[in-house]
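**Q** Each chain is listed here by its residues.
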Amino acid sequence: MAMNDKVQSSGRAEPVAPASRRRFLKDAAGVAGGAGLLALGAGMYAKQASALPATAIRPPGALPEDDFLAACVRCGLCVRDCPYKTLKLAELGDGVATGTPYFEARDIPCEMCEDIPCVVACPTGALDRALVDIAKAKMGLAVLIDQENCLNFLGLRCDVCYRVCPVIDQAITLERIHNPRSDRHAMLLPTVHSEYCTGCGKCEKACVLPGESAIKVLPIKLAQGSKAEHYLRGWEEKEAAGKSLIGDQVELPVRGLEGKAYGDTRVEPGQGPVQGGTQVPDYAPAKPAGGGLDSGWKP
Amino acid sequence: MSAHASSGAAPERKVPPTSVRGAAMRGVVARPGREAVEAKGWLRAHKWLLLRRASQLGILALFLVGPWLGWWIVKGNLSSSLTLGVLPLTDPFLVAQQLAAGQWPYQEALLGAGIVLAFYLLFGGRLFCSWVCPVNLVTDAAAWLRRRLGLKGGKAPSGSTRYWLLGFVLVIAAATGSLAWEWVNPVSMFHRGLIFGFGLAWGIVGGIFFYDLLIAPRGWCGHLCPQGAFYALIGRAAVVKVSADKRSACNDCMDCFAVCPEPQVIRPALKGVGQDHPLILDADCTTCGRCVDVCGKDVFRITTRFNRSES
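Line order of the protein sequences matches chains A and B.
Quick note, our numbering runs 1284 ahead of the 1-based positions in the first sequence.
Quick note, our numbering runs 179 ahead of the 1-based positions in the second sequence.
Rather than coming from a laboratory, the hints here were simulated on the basis of the structure.
Fair warning: there could be bad hints in the mix.
Computed list of lysine to any residue pairs in SDA-like fashion (alpha-carbon distance at most 25 Å, straight line) [what the hints assert, rightly or not]: (1) A:K1372 <-> B:G378; (2) A:K1310 <-> B:A395; (3) B:K334 <-> A:L1309; (4) A:K1331 <-> B:F377; (5) A:K1372 <-> B:G264.
Label pairs and their in silico Cβ distance ranges [unchecked claim]: (6) B:V265 <-> A:S1478: 35 to 43 Å; (7) A:E1459 <-> B:A354: 45 to 53 Å; (8) A:S1304 <-> B:L263: 49 to 57 Å; (9) A:Y1368 <-> B:F302: 34 to 42 Å; (10) A:S1304 <-> B:R210: 34 to 42 Å; (11) B:F389 <-> A:T1475: 51 to 59 Å; (12) A:R1305 <-> B:F389: 47 to 55 Å; (13) B:K334 <-> A:K1420: 20 to 28 Å; (14) B:K334 <-> A:Y1368: 45 to 53 Å; (15) B:L328 <-> A:P1494: 52 to 60 Å; (16) B:L263 <-> A:E1398: 21 to 29 Å.
If you want the ones that stay clear, here's a sample from chain A, every Cβ over 10 Å from chain B, calculated [to be verified]: (17) V1357; (18) K1420; (19) I1429; (20) D1430; (21) L1435; (22) F1437; (23) I1452; (24) D1453; (25) H1462; (26) N1463; (27) A1470; (28) P1494; (29) A1525; (30) G1531; (31) E1542.
Glycine included, C-beta positions come from ideal geometry on N, C-alpha and C.
Could you put the whole structure together from the sequences, leaning on the hints where they help?
**A** Here it is in structure tokens:
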């Protein structure tokens, strides 16, 4: 045991010869360079792979994507506490940052639980607990993206996306417009309002089209244009100021329409222009060329 | 022998037979621990290995009985979990990356990371590697197969690569403002994959197996893994250590060197190189206890860092 009692100095503690110092530096540089390349590769892959597919929707309360990717530790606690198995963790090859939670509305949409258990479960703040009212969630924005196949746009009364919307009549309304094809029916067009849409995706799930949905939840960045800040909306300015900012406009009378409100040019039978003191009989506005069938039906 | 042997220079010089290179030059020991099985019986010669596998698989089972059987004891994965609805545990390596990326986590994650950090600070950082991490099963399997097939040679990068990589992982997190390493981290990916589904992550796990088997002996855990490096750093002052307290009985069979995942840590304690006490204090030691198992002479035992006695 005598040999063990003596402390032997290790090589590193002794003065290092210049040659071996040079070699040490060279080795260290090689090792550091290799490690740096590995990390750089990971970083570049991460940057390149951080673009989220348009159909992958983050859970409610998710931070903006950049911050989300810095905060989410990929533990899956939000997935576990989702009662409807809406959320899933991305697997390698899904196109979503590996291990981060997302859902696809056409598969299983968000049921908008009032207690938002996924947000409560998140330990890291990737899902922001400032979100307490699920109606304020902004997971994405529904867009009626295919107006050629949407049944309501074809003049039918499908309305399913409107009916299933948890924020019905606010996030989706049916806007009634004239059907120029039949020329006598209305079309009720599902119209999304970004102020109220939470991006839950129930409309996309419910769309009756086989395969792809005509209405889709997209990331807000993709779904919305930027506001034209330089363009002052006259009607909003007027309402805010209580009066028109450019003063009252001169209203010139329109001959033959003197009794009507300014700007109202609708002409009903018997109201046509008078020629030489006599009313032009059966006056009707001209029909658009080639537009509409006239079956002769009268109400 | 000191200067030249430990800087690993001059091949014309005599290499000490008990050094790591000495073991390599003696050839690969295909079945380390045969003596120990004869001397102590199979069970005692695999005691720590069995305990370790029980720990690894038991922890994995705790995570799996939730999704498989609906018994929600532990939710989440090793990155962050919630036990019995009250105990948060978070991987401090992930919180470190998160902080580097510029995000301050909620207190659950901080508390969870604090608990885990305190445990490993106290008991030994790389206990994570040998007693918890599921990748250890993969790399141990590769090392076992390597010994059995008698595969020699291979080129492993320097053991300090992992510390550089750890530094760069944090730098990259700060530079990209995201947990960049978590896109590729096989450690968290493997555990998450077992619980939540793999996708193509099998490829990465298979890659590590074949890297360790065919290219670099003990390459991943012993040379590259920045998560292991992180735990080695936090476990520098930990209490639980392996001691070669009966080193006078050592018969130079080299079984411990053959089986040890970090064989460079053994020599200072076993042969008194650069230290006089028999404790393995090197932070790279994972306290796996395999050296205790395979030694027919019972040279090693697991004790505390305060116990410098020899018998």
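**Q** Now, for every hint given, state plainly whether the structure supports it.
**A** Evaluated hints:
Restraint check: the Cα-Cα separation between K1372 (chain A) and G378 (chain B) comes to about 12 Å, which is no more than 25 Å; the hinted pair holds. Using a Cα cut-off of 25 Å, the hinted pair K1310 (chain A) and A395 (chain B) holds, with the two alpha carbons roughly 21 Å apart. At most 25 Å may separate the alpha-carbon atoms for a hinted pair to count; K334 (chain B) and L1309 (chain A) meet this at roughly 20 Å. With a CA separation close to 21 Å, the supplied pair K1331 (chain A) and F377 (chain B) stays within the 25 Å bound.
Distance restraint check for K1372 (chain A) and G264 (chain B): the Cα-Cα separation of roughly 20 Å lies within the 25 Å cut-off, and the hinted pair is therefore satisfied. Checked against the hint of 35 to 43 Å, the pair V265 (chain B) and S1478 (chain A) passes, with Cβ atoms roughly 40 Å apart. Taking 45 to 53 Å as the suggested C-beta distance range, the pair E1459 (chain A) and A354 (chain B) conforms, at roughly 48 Å. The hint said 49 to 57 Å for the Cβ distance between S1304 (chain A) and L263 (chain B), and at roughly 56 Å that hint holds.
Range check, Y1368 (chain A) to F302 (chain B): about 41 Å between beta-carbon atoms, so the 34 to 42 Å window is met. The hint said 34 to 42 Å for the Cβ distance between S1304 (chain A) and R210 (chain B), and at roughly 38 Å that hint holds. The hinted window of 51 to 59 Å between F389 (chain B) and T1475 (chain A) holds, with their beta carbons roughly 56 Å apart. In this structure the hint that R1305 (chain A) and F389 (chain B) lie 47 to 55 Å apart at CB is violated, the actual value being about 37 Å.
Taking 20 to 28 Å as the suggested C-beta distance range, the pair K334 (chain B) and K1420 (chain A) does not conform, at roughly 57 Å. With their beta carbons about 51 Å apart, K334 (chain B) and Y1368 (chain A) fall inside the hinted range of 45 to 53 Å. For L328 (chain B) and P1494 (chain A), the Cβ-Cβ distance of about 55 Å falls inside the hinted range of 52 to 60 Å, so the restraint holds. With their beta carbons about 25 Å apart, L263 (chain B) and E1398 (chain A) fall inside the hinted range of 21 to 29 Å.
Residue placement check: V1357 (chain A) does not keep its beta carbon more than 10 Å from all beta carbons of chain B (closest about 4 Å). For K1420 (chain A), the requirement that its beta carbon stay farther than 10 Å from each beta carbon of chain B is met, with the minimum near 20 Å. Consistency note on I1429 (chain A): stated as away from chain B, and its beta-carbon is indeed over 10 Å from all of that chain's, at 28 Å minimum. Non-interface status of D1430 (chain A) relative to chain B is upheld: no Cβ of that chain comes within 10 Å, the nearest being about 30 Å off.
Every beta carbon of chain B lies more than 10 Å from that of L1435 (chain A), the smallest distance being close to 36 Å; the non-interface claim holds. The Cβ of F1437 (chain A) lies farther than 10 Å from every Cβ of chain B, with a closest approach of about 38 Å, so its non-interface assignment holds. Interface exclusion of I1452 (chain A) from chain B stands, the closest Cβ pair being 34 Å apart, more than 10 Å. In this structure D1453 (chain A) is separated from chain B by more than 10 Å, as the shortest Cβ-Cβ distance comes to about 36 Å.
Non-interface call for H1462 (chain A) relative to chain B: holds, since the shortest CB-CB distance, roughly 50 Å, exceeds 10 Å. Every beta carbon of chain B lies more than 10 Å from that of N1463 (chain A), the smallest distance being close to 48 Å; the non-interface claim holds. The beta carbon of A1470 (chain A) sits about 48 Å from the closest Cβ of chain B, which is more than 10 Å, so the claim that it is off the interface holds. Separation of P1494 (chain A) from chain B is adequate, the least Cβ-Cβ distance of about 28 Å exceeding the 10 Å criterion.
For A1525 (chain A), the shortest C-beta to C-beta distance to chain B comes to about 43 Å, beyond the 10 Å cut-off, and the non-interface label holds. Against chain B, the non-interface label of G1531 (chain A) holds: every CB pair exceeds 10 Å, the least being about 51 Å. For E1542 (chain A), the shortest C-beta to C-beta distance to chain B comes to about 67 Å, beyond the 10 Å cut-off, and the non-interface label holds.
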